[in-house]
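Trainee: Chains as they are written, first to last, in my numbering: chain A, 171 to 306; chain B, 171 to 306.
Where hints are given, some of them may not hold.
[To be verified] Output of the computed footprint for chain A on chain B, the stretches with three or more beta carbons under 8 Å from beta carbons of chain A: (1) 202-211; (2) 251-258; (3) 272-279.
No wet-lab data here; the hints were simulated from the structure. All residues carry an ideal CB built from backbone N, CA and C; glycine is no exception.
Number of protein chains: 2
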Amino acid sequence: MAQPMTDIDAVLSQNLEFYRAFSTRDFGLMDRLWARHAPVTCIHPGWPLISGREEVLRSWRAILRNPSAPSVLCYEERATIYGAVAHVTCEEELDSGTLAAGNLFVQEGGLWRLVHHQATPIQERREPPRPPRGTA
Amino acid sequence: MAQPMTDIDAVLSQNLEFYRAFSTRDFGLMDRLWARHAPVTCIHPGWPLISGREEVLRSWRAILRNPSAPSVLCYEERATIYGAVAHVTCEEELDSGTLAAGNLFVQEGGLWRLVHHQATPIQERREPPRPPRGTA
Chain A
171 MAQPMTDIDA
181 VLSQNLEFYR
191 AFSTRDFGLM
201 DRLWARHAPV
211 TCIHPGWPLI
221 SGREEVLRSW
231 RAILRNPSAP
241 SVLCYEERAT
251 IYGAVAHVTC
261 EEELDSGTLA
271 AGNLFVQEGG
281 LWRLVHHQAT
291 PIQERREPPR
301 PPRGTA
Chain B
171 MAQPMTDIDA
181 VLSQNLEFYR
191 AFSTRDFGLM
201 DRLWARHAPV
211 TCIHPGWPLI
221 SGREEVLRSW
231 RAILRNPSAP
241 SVLCYEERAT
251 IYGAVAHVTC
261 EEELDSGTLA
271 AGNLFVQEGG
281 LWRLVHHQAT
291 PIQERREPPR
301 PPRGTA
């Protein structure tokens, strides 16, 4: 019998959905992943803090529409549950280099939804970039 | 009669203590500010993720001991309470420029204690740097 999905599984799944929305430029999915009721914030690399759902989603719309937006893959995800909040750390592999990310989720409507995303560039570029998941 | 201290007040006070420990290089205070039981992580600008209390505090010991470590001031703090977790965003003003920070706190022993600190450089340098708090 299949094991029930734990909170850790569920939040890691939502974290991957976030990177799927990013890499496939799926704004509708990105919109659904962010909390609707809890306050949200976002810190993109090089940008000041963005606060509020409308402003955060506007920033994502601009990023996903930009033809020069980088592709992104997510590695080394780890989730920690603090009560009703989950924090996921991971590395983001972009064309230009690697970033360390922290993604904060809360439960809304039975799903883990994003309330904060923050990505910080790591100076040391890994060479060559890691291969995509699922390849030999 | 004085108003009772709210959770928001209390976590903002702890957030300022964090920057006081940083700017006065007070490792003992820094050590006391981080959670002892909940898992902790830290993303310094340009560094990969650091995980675990011992490793995180080792990184802070190295930063606070480094004579060339920057001085830091904290501005525009805002706290959001998500159940038993508090997230503070703020800007860090360093000699070299401005960073956007996210600091995650949990309740331990009746105090808000850090479980994650992450600072992301903001490209646009404010000129001139803002004056210290409390000056005219």
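Trainee: Please go over all the hints and tell whether each is borne out by the structure.
Mentor: Against the structure, the hints:
1. A count of 3 residues in the stretch 202-211 of chain B with a Cβ less than 8 Å from any Cβ of chain A is obtained; the coverage claim is therefore met, three being the minimum.
2. Check on the stretch 251-258 of chain B: 5 of its residues sit with their Cβ under 8 Å from a Cβ of chain A, so the three-residue criterion for coverage holds.
3. Taking a C-beta to C-beta cut-off of 8 Å, the stretch 272-279 of chain B contributes 3 residues in contact with chain A, enough for the three needed, and the coverage statement holds.
Violated hints for the displayed structure: none, as all numbered hints are satisfied.
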